[in-house]
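Asks: The hints should help you fit chain F with the ligands onto chain P, whose structure is shown.
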Amino acid sequence: MLPSELKKRIAGLKPSRRAFLAVSAAAGGALVVGYYTLGRGKALKDGALNAFVTIAPDNTVTLVAKNPEIGQGVKTMLPMLIAEELDVDWRQVNIEQADFDPENFKGQYAGGSMATPENYTPLRQIGAATRFVLVQAAAEQWGVSASECTTASGMVHHASGKSAPYGALVKAAAKLKAPDLKAVKLKDPTRYTIIGKPTIGIDSPKLVRGAPLFGIDVEVPGMLYAVFHKCPVFGGSVKSANLDEIKKLPGIKDAFIVAGAGAHVFEAEGGTASTGLQPGIAIVADSWWRAQKARDSLKVVWDEGPYAHHSSEFFAQTADALLAKDPAWVYRKDGDPAAALKTAAKTIEARYDYPFLAHATLEPQNCTAHVADGKCEFWAPTQLPEAARGLIAGTLGVKEKDVVIHITRSGGAFGRRLMNDYMVEAGWISQQVGAPVKLIWSREDDVQHDFYRPAGWHKIKGGLDAEGKIVAWQHAFVSFGKGHEFASCAGLDPGSYPAGRIPNLSFGTSLIQTGVPMGPLRAPSENAMVWVFQSFLDELAHAAGKDPIDFAIAVLGKPETKPLGAEVFSAARVLGVLTKVRTMCGWGRKLPARTGLGVAFSFCHLGYAAEVVEAAVAKDGTVTLNQVWAAIDVGRQIVNPMGAENQAQGSVIDGLAHALNEKITFANGRTVQSNFDGHSPLTMRQVPPVEVAFVLSDHEPSGLGEPAMPPVIPALTNAIFAATGKRVRSLPIDPAMLAG
Amino acid sequence: MHYTLNVNGQDRSVDVDDDTPLLWVLRDAMNLKGTRYGCGAGLCGACTVHIDGQPVQSCRMPVSSLGTSKIVTIEGIGDTPIGKRITDAWLKIDVMQCGYCQGGQIMAAAALLAQNPKPSDDDIVTAMDGHLCRCGTYLRIKQAIKLAAEGS
Ligand code: FES
Ligand code: FES
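Protein sequence lines correspond, in order, to chains P and F.
Numbering-wise, my numbering comes out as the position in the first sequence, counting from 1, plus 2.
Numbering-wise, my numbering comes out as the position in the second sequence, counting from 1, plus 635.
Bound conformation, chain P alone:
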């Protein structure tokens, strides 16, 4: 499901699924490795050697963190790459968050676990090139050859005993021509003093003091506060509202209807997504509490639009009816699955379904905008400022170049903040009232106006030969979209594993059209599909009477690296993580009654993860998680082990919440859940120990925001099967079904 322009762009490197958004929004594309410059696009400040590095006379080094920090640790990790090659001490380093600045920086987004693969080499090159000019400047001053100079801890040294701090060389160095980035020599990794060392988050000391780092904390002089009340029914609009009454309430500065503006439709995750300014009522007040409270008095007549009858029951019934028929569209067919099923020694059939999910970032969506007096300035937690700029300019009728975006820290993102709908709302409201405005969504707004992870219903028939080899896989599923066009993240990649390894296989789908907004949630598509595929593979292993890990290794075949759909897939790396996790968890050991181990693996966002869950199921169906083991291969180097382990554990815990807690349902065209009581992340009580091991393989380092998340869900449900003989085929897990 990869757009061809992306496929072409980076041969051998799987482009970010999330970055699809970036590409459609920005003609220049955000995904260009090796196109970095030292950034002379904009006037540099004093002491700046380039857009990334500034060195003060006291030898303090300020590095720019160009990408949005959403909790994945890039504000620390990316500057570590520069600092390493610059050869400074981490203690000397200050870090500044960049504004959105496409003249100086490439790829300013957070998504697809792409920060590491896109920046690992370019940012080291930037550090090395900067070091190069500093050495050059010292050599010229001393009249020696640069090759006789060495550097350490932000100093240049010469064999003669001469030395100078970088801070004293900046002026001279700034006049020198920077070397070609690709030609600079990089350090031998055995000499690393920063990369690979556990490093605490650069903002951590501020965070434990409650410093105002998040979008929701922004203050601008003269700022007003806003809420935006949208139609609870997706696709609805405003007919009328009691605005005159609202305007009389204490502290209310304005209240008005926003008609909404043309949806911004673009390709995302192999499907179409739509974002933009939705219709609703803006209430602007002198405090957020007053604006929010005014909603209690708000009376709106809505036009509920064409989808008011949609509900979870409607979707489930429609899916049932569609699965009873042949799929409307078969888009992958290898061999003849129907015939192979007829001649197979053994066949099994199963149905799987999973629900819609919300992102529910702990910091609700918010944005502060000042669109007045010739200004067009935004402060926002956004994963994709480039798309925000296009959306804002198009909707507000301003020029892209006039839109200034300050990227704030995000209180979680998980894909939600790729959509920027809250930014265009804030901009519109600010433009209407002619003052800076901070828009904050209530938690209810946030849960009820998400771009949900799409639900899905699958029916799979599998056939084994007499030796227990899979000979047939016939897979039909019901998803969302229109005709042959999936909704965002509602598709199944035709290359999905184990496609290509089974002689007779088909993927076919029938799509339901709806007004429910859908979009990328951490490990989009894989967060659901890996559960379906790895569960059914486990079913086949048991049907074949084989150990699930032995079976997985047999299906994997030769440990070679080959294209899998649009991606390059290495069976060797899967084998590496499977073998590792098998040892870690003591696979095969004797377990107490009603306790089981389950295994699953996935390949996504360039990373490989194999995970095992040990689960115990009580007689009443209560599931207790004893432990999770995760073996992860994201290449030869973990840049910041401190953050890496945290990301991996967090991903596992996030996946467990999908399995155990989370579900969004709809009734009368609207979202039923409204807060954390209806859709909760895991709580501390539910969290098992999660042991993480990184398998270092000789491949370029890749990211960790997503790869560890998908396999834990099937590992858990496979463990439940091992414990009870009951197969979970519907998420979230219903303990009642496991009782007895």
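Certain hints may be false.
[Unchecked claim] Once the Cα atoms are required to be at most 25 Å apart in a straight line, the calculated BS3-like pairs of lysine-lysine come out as:
1. P:582 / P:560
2. F:705 / P:208
3. F:719 / P:208
4. P:208 / F:727
5. F:781 / P:208
6. F:727 / P:199
7. P:199 / F:753
8. P:463 / P:327
[As the list claims (entries may be wrong)] Far from chain F, by Cβ distances over 12 Å, these chain P residues were calculated:
9. 58
10. 97
11. 103
12. 182
13. 252
14. 267
15. 329
16. 345
17. 361
18. 374
19. 638
20. 665
21. 669
Simulated from the structure, these hints should not be mistaken for lab results.
A virtual CB, placed ideally from N, CA and C, is assigned to each residue, including glycine.
Replies: Here is chain F with the ligands on its own, set in the frame of chain P:
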């Protein structure tokens, strides 16, 4: 209405509606942004402060109910001995991912250690269970609380 509140050892005056939750008084009237809004309904703990030493969800606490109570927020907790131990432990283990929940987590942990200097695993879970971390940093939160308890 005019209110004088004692926050982090200082009396501060504000003019707000009677029903304004302490959360929004702190954030918007006093510009203390470390107490954070997550749910507004007592479901996440991001807004936790101490009122006379007790952990309280400030989103559910109207300003009119506070009287002369002593309020401590995340901006002030590091100045208490327990708060200092907790924040040091938080940094040593680097609990944070996004960090948005962590103010509330630290406030809850500080209240726990004030009452129970050597909490068992169960005590920790009981005290912390309602404090949601969407990023899933629970394992490190537990570890940090234990580390801080060791230092007592
Ligand atoms: S904001 Fe108060 S408990 Fe969530
Ligand atoms: S660290 Fe992000 S919500 Fe806890």
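Asks: Need the status of pair residue 719 of chain F, residue 208 of chain P: alpha-carbon distance at most 25 Å?
Replies: Measuring from Cα to Cα gives roughly 13 Å; hence the hint holds.
Asks: Measure nothing beyond the straight line between the CA atoms of residue 208 of chain P and residue 727 of chain F; if it is 25 Å or shorter, mark the hint as holding.
Replies: Holds. Residue 208 of chain P to residue 727 of chain F sits at ~14 Å (cutoff 25 Å).
Asks: Looking at residue 182 of chain P again, its CB stays over 12 Å from all of chain F?
Replies: holds, 37 Å
Asks: Is the Cβ of residue 638 of chain P more than 12 Å away from each Cβ in chain F?
Replies: holds, 24 Å
Asks: If I take the minimum Cβ distance from residue 329 of chain P to any residue of chain F, is it greater than 12 Å?
Replies: holds, 36 Å
Asks: Far enough from chain F: is every CB of that chain over 12 Å from the CB of residue 374 of chain P?
Replies: Per Cβ check, residue 374 of chain P is outside 12 Å of chain F; nearest 21 Å; holds.
Asks: Is it correct that the beta-carbon of residue 669 of chain P has no partner in chain F closer than or equal to 12 Å?
Replies: Consistent with the label, residue 669 of chain P stays out of reach of chain F, its closest Cβ about 20 Å off (over 12 Å).
Asks: Say whether it holds or is violated: residue 97 of chain P keeps its Cβ farther than 12 Å from all Cβ of chain F.
Replies: The assertion about residue 97 of chain P holds, with a minimum of 15 Å to chain F.
Asks: Take the C-alpha atoms of residue 582 of chain P and residue 560 of chain P, compute the straight-line distance between them, and say whether it is at most 25 Å.
Replies: Answer holds: residue 582 of chain P to residue 560 of chain P is near 18 Å, not above 25 Å.
Asks: Was residue 58 of chain P rightly flagged as not at the interface, with every chain F Cβ beyond 12 Å?
Replies: holds, 25 Å
Asks: Compare the distance between the alpha carbons of residue 781 of chain F and residue 208 of chain P with 25 Å, and conclude whether the hinted pair is satisfied.
Replies: holds, 22 Å
Asks: Residue 705 of chain F and residue 208 of chain P: Cα distance at most 25 Å?
Replies: holds, 24 Å
In the structure shown, a violation is registered for the earlier hints numbered 7, 13, 17, in ascending order.
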